[in-house]
Structures are given as structure tokens and as C-alpha cells.
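S.K.: Each chain, letter by letter, is given below.
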Amino acid sequence: MSTQGQAGQHSSRERILDRVRAATQPPAAVASDYAALPRNYIRKGALGAEGKLNLLIERLREYDAEVVESSPEGLPAAIAAQLTASGKRSFVAPPGLPADWIAPGFDWKIDRGLTTAEIEQAEGVVTAAFCGVADSGTIVLHHSLTEGRRVLTLLPDWHLCILRASQVVQTLPEYFDRCQQPPALVTWISGPSATADIEMTRIKGVHGPRFLHVILVRDQGVTVTGIV
Amino acid sequence: MSHTVETHAILDPTLAPPFPQAALNVLRNPQLRKNVTHAIDVIQGKRARLVAEKTDWQELRTAASAIRTHALENLGVYLEQFEARCTAAGGHVHWAADASEARQIILDILRQENSSEVIKIKTMTSAEIQLNPFLEGQGISAYETDLAEIILQLGDEEPSHIVVPALHINRSQVREIFARRMGLKNLSDNPQALTAAARTYLRQKFLTIPTAISGANFLIAETGAVSVVESEGNGRMCLTLPRTMITLAGIEKVLPRFDDLEVMLQVLARSATGERMNPYTSLWTGVTPGDGPQNFHVILLDNGRSSILSIPRQRQTLKCIRCAACMNACPVYRQTGGHAYGSVYPGPIGAILTPQLQQMQHAQSLPYASSLCGACYEVCPVKINIPEVLLELRSQVVNQERKQAVRFFDPMYLGLRIANLLFLRAWLFHTAQRLGRIGARLVTSKDGWIHSLPSVGGKWTQTRDLRGLPPQTFHEWWAARGKEAK
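Those sequence lines, one after another, are chains A and B.
Using this note's numbering, the letters of the first sequence map in sequence onto residues 432 to 659.
Using this note's numbering, the letters of the second sequence map in sequence onto residues -5 to 480.
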């Protein structure tokens, strides 16, 4: 950008901020004002562990996501069964995915810098997740090494997501309570890609994955501190 | 500006005809009215169901309103914080005082990137600054990627709603547009087939065009993050695949902290599309090595917003999170659709936002495009008291107009000046009442009703009947009653 452009930028910045500051009160007590904001909405859900999982399953199915359950020991077999049932051959996986999730007998590409074209060619993707929110049937990805970069869960048409019961919360505020630090990258997924732009008819599958499968791992009793 | 005017004339508030005149076109188009009513009925029904299941809905509204009010009251602090954090995370923050500056900043970035093509996520803010016609004039093709926006762009149509912008177009009209512009002669009018056609049309563009433009639903001051809420995945494509990402955001979009999304995300999708959550919400912070665009620009746009901020009673307009619940609930929008508002922001929020963004120099008919029934206020997830702002703006319009010499003999202003004189003196008022009663006989029918008034009064009786004046006033009756008692 030219020097002149930068000078223009600078003056617009000052002009806007001056106008904004002149329009509002001096910021004497921002932090205490913020702390005093009313927050009387529901933070913690009332459902027990089982009720919470059932609600999540119901809500995911309402969005046309497929849900199966598995024990921690049975997980590799459950993954293999899902892959087989999909009828697909080629899969991508994030670099941190546990080795026993990479079911033998399929074409796997592990994302250690795969090109967009390589990811586009894959028929499916398998990842972990950070959290599941039962109330809205939402799966939250923070894009860690087990969840993959954003593009990984976007281009393949079929997404198998492994969610542990201990990662499931009932309400959205409970998810925020689980974030120790605000994450830099988040994708909240509530069912497969959809549109209702033509006569409000819901059509599944526009650009994101058309098929979302979830394996819910019954790991109750396991302490939740992080991801998988 | 002149070359941009032709393509977007009907949604340019500086050129649009007054609301009542523009509305006539729609009122005379039964197909359009049917399309609009159908879409609104569907969204309204879904919204009502999902809001009803939320037992803490009012508490969420109260919190959402308080967070937005607080953010606006401390906007300077939060904007600077956002700028610092976003910059620290590798983003470039630009400030645009008006539409033309924003367009120029975007053009400069695209020129630096040598981009002759750009993909876009639906952004009403870019429509507000009339970006697409401008880029076209500069030889840059901007491809809309939201299904509704593709329909509008290929069909050379204008958005009529801020969440479902093509709701006025039905499936056979979409089929016609796609068949013609994508060269698909055998395309059916099944929404599934139409959606698949759009997917194929865009896939290659997503994979090859290295620059994208988005709007923002929320800017997070605490972290410098930006969030975009969508359904189709076109947003994720644009946010993930290109090399360079440009986000255009109004300065009012800031939230203090990441945690504030726990309120906003609960109220937004329910209000907008009647879903518990929209399929995809993305949040990113500056640049993440190895993941997504490595050049990230945010343009903070004022374009009239800081002047709205300076008037306390009108400031609440900027709390808006663009959910469109107000237009879905509005009995006027339901009849007229969006184009009559002559702005990319239609419906009740448009009726207050547009004239204010125009600094009350244009769109003065919009504050009257309402029956003041209050349905918009009732559904608003951030509790914007739209009727209150409408009344405030109406009084400003009247104060502007009464000072204009040409309006001196305007029957309405003349009548109001006379009324002002009469109301100041009791004897004049009583005389006027008696004279009025005599005069009213001329226009009162035998059935005791006034069906038609002359002059400016005719505007009222055009669609309503008035009851004739009673034979005596309450004062007269009271005085007569006193005498009888003696």
C-alpha cells in the first residue's frame, strides 16, 4: 500500500474512533459494567448423564446425522463397521488420530500437509471432536491434531466424527465453561450442510459434507480434561 | 457512483421512490405476494415452535440486549481492543469512514493480490456499499456463493430479505434462471436438483479462486476473532480454501468476549431460521499457520454508524444482529416484501436503519412504513424498541418538513398550524367544534358514517370509514345535565 494510502487509513481510523468516543460515555468502568450484565439464563442443564446422551442422539438424528454407540474397547471395530457400511474406499485423517482408529483395508491419507486436491479426492474423513452440545445437537471442533485442519472436515462428502460421552454437555453455556481459554479456531456443526433458500424447502448437502456420522463412545467415569 | 446506480437502483436509498409508491408494484403482483407470504409463514412457524421450547427465552433476550448495549456504550474501547488482538494474531485491520473508502480498500487489496476474481459469502454490508457493481466496473468478477445470492446474481435480481434474500423467487423462476445462465436445458424445478446444480457450478470456483470476501456476524474484542454464521458450507469454503480473506464488518458488530457467543448463538439461529443452531458457525482468529487463508484483512466500516451512536434514543438500532425476525413478524413487510423499502435492509429494522444511515437525508418515508403494532419489538432477540425509534424518526421528518417553504400551504401542515391555534384558546376551540359539526353534516351519510372526506382527509377515508360527529360534546352534555339537576 502506498504511503498516501497509509496516511488516509490513519486519519480514517482517528476520525471514526473520535466520533465513536464523542458519541458514548468515557470508559470509566468497562470491566465492572461488563461483570454486572444480567445473565439469568440457564447455564447448567437438568438432565442426568443418560438423559443428556439421549437428547444429543435425538437432536443429531433430527438433523439427519447418523448416530451409533460404542464401548471404548469396541471403538476400532465400530469405526471399521461404519467405514465398510459407507461403501467408500478412500479416507483422510488428521495427524493426531489414534493409530487403532485407522481401520485396515481402506486407502488412508494422513494429513501431514496434504494438498487441497488430495483432500478433495478423498471420499470421507474420520476425526475426533472437542465437545457435543445436546440441546442443539451441535458438534464442536477446535481443530486440534485429532480434529484436523478446517479444510479436512469440509471437502470430503462423508464425515465420521468420534465423540466421547464425557465430552457431551447439555447446554451451550456448559460448552463455554469447558473452554479454559478462548480457542483460536472453532467450527460448530449442527447437522450436515443444508439450505432452505428455495421455497423454504430444506435440502441436505450443499457444499459441506452431505453425510455426518457420529460414533458416541460410552466412556462414563473417565475424567474429562481434554480431548481424546 | 454513477455507474453503480443502474444495476442497484431500486435498493439505493438515495434514488428509491417513496415507500407507498414502491409498495404498489408488489401489491399488484399476486405471484410475488404469494412467494413472500409462503416463505414467511414457514419461518414464523418454525421460530415460534423453537422459541416456545426455550424456557429461558426472555432471560436470553435480556442478556443479549444488555451485552449489545454495553458493547455499543463502550464501542471505542472494544474496537481498539479488537484491532490490537486481531493484529497480534496476524490480521490486518483497516478503517473505512464511508462506502467509497471501503470499496477502495478492498480494490487495493485485490490489486495487490493480482485477483481478477473473488468469491463471496453472503454479506449485506457489501450490498450496502454496492461492492459488486463497483468491482465489476474495475474488471473484477465477484462470485456470490450462497444459494440465494447466486439466484439473485444470475437472475439479475435484488435481495428482498436479509436472511433468505431470494424468498420472493419460487422454484420455477429459479429453474428458469439456472437453466438460462448455467446452460442446463433439462434442469428440473425440484429444489434438490437446483441445489445440486449450484453445488456443481461453484465447486471449481471454490477450489481455484484464491481470494474471498465475507461479512461478519460477530467480532470478538477479547481475542480479535471473527465469527460467521451460515447453513450451506459455502462460508466454510470461502473461509478455508483461499489464500487471502477479506472481511467487511460494520463497527457495531463487536462483542466484548468470546463467552458472549453463548448467548448470541442461542438467540440468533432460533430467531433467523427457526433452527436450534444453524448447520455451520465458524470462528477464526487472525491467521493460523497451515490452516486457512494466510493473508487476512478486516475492514471496519462506519458509513453513518457513528452518527447513529451519538443519539442515545436511536443508538439501540445498532444492537441489531441481523436475524430478520422483525421482518418476518411485520404485517407491512408481509404485504409488500422487501424491495419496497428501497434498501438492502428491508422490514422494520430497515425502516429505522436506512434513514439513519442516510443521516435523514433520504428514505424519509420509511419511518411511516409501519402500523406501530409492536410485533417487531416483541420478537427482537436483542430487544430493539423499533416502534420507539420509528416515532422518534417520524418527529424528525416532520421537523424537517415543516421548515420547508414549499410545505407552507401543504394541507396537512396548514391544518396542523390551525389546530395549534385552536387548541390554545378554549372559546376558539368550542366555536370550531360547533362549526365543525355543521360542516360535518355535508360529508356525513344517512347511516351516520363519513365515507369520504375532501382534500388531505381523503387519504384517511380511502380505506376507512369514520363515525359522524355526535350531536353534542361531552362538555355540552355535562353543562346541560347540571342545569337539569337544579
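Don't read these hints as lab results, they were simulated from the structure.
In this text the structure is predicted, and so the values were computed from the model without any measurement.
Treat the hints loosely; a few may be bogus.
Derived DSS-like pairs: lysine-lysine, alpha-carbon spacing no greater than 25 Å straight-line [stated by the list, open to error]:
# : chain 1 : residue 1 : chain 2 : residue 2
1 : B       : Lys440    : A       : Lys635
2 : A       : Lys635    : B       : Lys477
3 : B       : Lys48     : A       : Lys475
Looking from chain B toward chain A, a few residues come up when the C-beta cut is under 10 Å (computed) [claimed, not checked]:
#  : residue
4  : Ile37
5  : Ala136
6  : Gly177
7  : Leu178
8  : Leu181
9  : Gln186
10 : Asn228
11 : Gly280
12 : Asp285
13 : Ser365
14 : Pro381
15 : Glu382
All C-beta atoms, glycine included, are put in the ideal place defined by N, C-alpha and C.
S.K.: Against this structure, judge whether each hint is valid.
M.R.: To see whether the hints hold, each was checked on the structure:
no., hint, verdict
1, B:Lys440 x A:Lys635, "violated (63 Å)"
2, A:Lys635 x B:Lys477, "violated (80 Å)"
3, B:Lys48 x A:Lys475, "holds (14 Å)"
4, Ile37, "holds (7 Å)"
5, Ala136, "violated (18 Å)"
6, Gly177, "violated (20 Å)"
7, Leu178, "violated (15 Å)"
8, Leu181, "violated (12 Å)"
9, Gln186, "holds (6 Å)"
10, Asn228, "holds (5 Å)"
11, Gly280, "holds (8 Å)"
12, Asp285, "holds (4 Å)"
13, Ser365, "violated (25 Å)"
14, Pro381, "violated (23 Å)"
15, Glu382, "violated (19 Å)"
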